[in-house]
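Q: Two chains, two separate frames, one set of hints: put the complex together.
Residue numbers (this note's numbering), protein chains in the order written: chain A, 144 to 358; chain B, -2 to 235.
Incorrect hints may appear among the rest.
What the hints assert, rightly or not - Derived Cβ-Cβ restraints for the label pairs, each shown as a range:
1. B:R88 - A:E314: 38 to 46 angstroms
2. A:R156 - B:D39: 21 to 29 angstroms
3. A:D198 - B:D85: 27 to 35 angstroms
Worth flagging that the hints you see were computed from the coordinates, not collected in a lab. Built from N, CA and C at the ideal position, the CB exists for glycine as well.
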Amino acid sequence: MGLDITWAVDWTRRSAECISEHRVDLITLDREIGDGDHGENMDRGFEAVSAKLDDLAAGSVPSDVLKLVATTLISTVGGAAGPLYGTAYLKAASAVAGEASLDGRAIAALLTAGRDGIVLRGKAEAGDKTMVDAWTPAADAATAAAEAGADAAAVLDAAASAAEAGAEATEPLIARKGRASYLGERSAGHRDPGAESSALLLRAAADAARAATGA
Amino acid sequence: MTMPGTVGLVFVSHSAEIASGLVALARQMAPTVALIPAGGTDDGRIGTSFDLVNAAIAEADSGSGVVVLCDLGSAILTAETVLDFVDDELRERTRIADAPLVEGGVAAAVAAESGDPLEVVLNAAESAAGGGPRAPGRAEAGSEDRPTRGHGASGYSRTVTLVNADGLHARPAAELVKLAARYPQRITVNGADAKSLLGIMSLGLTKGASLEIASDDPGASAAVDALAELTATGFGEA
Chain A
144 MGLDITWAVD
154 WTRRSAECIS
164 EHRVDLITLD
174 REIGDGDHGE
184 NMDRGFEAVS
194 AKLDDLAAGS
204 VPSDVLKLVA
214 TTLISTVGGA
224 AGPLYGTAYL
234 KAASAVAGEA
244 SLDGRAIAAL
254 LTAGRDGIVL
264 RGKAEAGDKT
274 MVDAWTPAAD
284 AATAAAEAGA
294 DAAAVLDAAA
304 SAAEAGAEAT
314 EPLIARKGRA
324 SYLGERSAGH
334 RDPGAESSAL
344 LLRAAADAAR
354 AATGA
Chain B
-2 MTMPGTVGLV
8 FVSHSAEIAS
18 GLVALARQMA
28 PTVALIPAGG
38 TDDGRIGTSF
48 DLVNAAIAEA
58 DSGSGVVVLC
68 DLGSAILTAE
78 TVLDFVDDEL
88 RERTRIADAP
98 LVEGGVAAAV
108 AAESGDPLEV
118 VLNAAESAAG
128 GGPRAPGRAE
138 AGSEDRPTRG
148 HGASGYSRTV
158 TLVNADGLHA
168 RPAAELVKLA
178 ARYPQRITVN
188 GADAKSLLGI
198 MSLGLTKGAS
208 LEIASDDPGA
218 SAAVDALAEL
228 TATGFGEA
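Excised from the complex, chain B in its bound form (with noise of 0.2 angstroms):
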């Protein structure tokens, strides 16, 4: 593994349309990461495919491991087949989300976009599920309620106004979430979790809202002022 590429990803539908629309709605925030469609039986009807889902993992390996996203029960178990079938070197890299098909599919494009290793982008999918239960530490993203969390005497944020005509939607959420992951610090826009997709989205942030970027970190005010530039630029649309 000279030159690692990024995380690739597999979406395993029982339908043909949910696996390629999947693709294309993840594609918006991630332009580059492999994303593999397997979806519907090698004849196109409903079901799952075996050899699909096979030539699908092959695909989207390029080194640096893989995601696999399933839908309906038996998606899984026909992805868990396949991994009894390939190469231990593939196996060891390839991992089955326990997310939501769509919303751990675009989380986890997101995490794979920005150069997330194998289990950051596993852990961005099942971190995504929308009402169930949420891995430790993710709990406030986008609850209505969250707490305001303090970022005391030692903490650092900014306040800037969305000039964006269309509010904070998919892409710029997207830049805004590729730019706090590259900073270690925990960061957070009104509350959520800077790096959450689903977190920032959720916050359903329209022109004019402000947005309180913080972070209790006080080595995090570098990654405070870049994410405030780039929102007060309109992250290059508005």
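Bound conformation, chain A alone (with noise of 0.2 angstroms):
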């Protein structure tokens, strides 16, 4: 039961949906420990990936969709979203390039290599504060499913869990990395608001597994 084109572009529309029903939530979020603009660049970024979700060339693959999640992120996000989800969405479909159908241990090395990429391009260490902290025990939950024999929705399901307790888990922490670090102690008691996005982009990978897979 594996994960084809049609789960990868129903991610991405799931995503800009749910950023889009959430970005008041995380421009909140980013108001209190940030600058207030998470919100609105990740709508933006993923409203551009929509318009480009047509143009795909027929015979396309899940790693030419977060190809194009990557560049188009990159080039329009405008804050450290962008890089940082870009070179996550890179290195992913570097891990899955050219594979037609993903299978969980081919799910689980996807996000290892989004959660690597942001690790690179952030240079932030679990603890920090960042969105870190929702993909790394996303990916460690996900290799774990995977090692189990679990099927690509289930491993996308644990990992969607993984990442939403961890960005909930981002709340007391105190901020090391990003603007939030510069109000060091005053950071504790907010959710970060990139630990907040990455769990809601997990989330809608899993429930597009689900569909896909009628679960």
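A: What follows is the structure, given as structure tokens:
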């Protein structure tokens, strides 16, 4: 039960819808500890991605969609999320390059490569109160599920749940990277907006997988 | 690279006004080098633009390399991402400076204008940190209680009075630094490195001040004389 191009396109459309729906929430979170533009930037980025999905060539595979998301976010987001998510999607695309159908292990590899891309670009570590705090538990949960023999949809579900828990767990942390780090201890008590948007995107991936596999 | 030009600079800021304002500021002291602003997003909002930074690096490069100066976090992330996408040759000769945007940008512009190679321009930017840690060997520049450096029996020094009505402001300071940079020896002005623009400017010398131009190096007498001459004649503006 592999995930194919239909899933990748549906994930992207669901991402755009979900980010648009949570635009104000993300702006509010970012206003508390950042520069307040995360919701707007992400919404603009995914709106631009959605507009390009129809232009995908026939015979495209999931890695083509990931590459399209990467390059579009990099050139349209305008905040740190652009290069960070852009690098994540690029590395994720490389991990599954050319593959038409992704099983549980391929999905785990995709998410792990995405996490590694964010770490490479932002140089944040777990506990710095950044999107890494959603992506690292997600990649770890995905790898564990895939090794236990879970299918692609179950791997994504495990990743999304871990990312949600990871985002929630950023609330008491003191930011050590990004704009929120200027606030020092005052950053504690607020959820990191990047971790929150990461959890939203991974939940969209899991929902798209459930829809694709009819589970 | 038959006729390499000077090192080019790119100023990446979240604000278009900051980036273009810095070009105007640095331009006073660096009239000919490529200074390319990449501020704000494509549609003029606060933020950084991959496409603007990408185009600016290409425009700044004349074959001698590019130093990129950035303001806050995502400016650096965007510049690094651009470097992942450019061709290998351009990436090889592009450096992202770990330096304060304004001070580093001005110092790098003066170094580039003097024809310094890529690594020297990068170092000029990175040793320009205002109150932060300084590169080794530059620690005395601008400090209030700097020790009087002996220039010993073998050294050479000249003392000249500053005649410029507005003191040693940015333009004459840059002239002095540019001339000093043409000589290999270490030269100081009242203890500050004569090749460091910020070191010289932070001496805060006003009209009538005495400048002790000195070197420990006996081979530097021509350099000291030339700098003394330039100072005595008011840098062409007195």
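Q: Each hint needs a verdict: does it hold in this structure or not?
A: Consistency of the hints with the structure:
{"no.": "1", "hint": "B:R88 - A:E314: 38 to 46 angstroms", "in the structure": "39 angstroms, holds"}
{"no.": "2", "hint": "A:R156 - B:D39: 21 to 29 angstroms", "in the structure": "24 angstroms, holds"}
{"no.": "3", "hint": "A:D198 - B:D85: 27 to 35 angstroms", "in the structure": "29 angstroms, holds"}
Going through the hint list in order, the structure satisfies each hint without exception.
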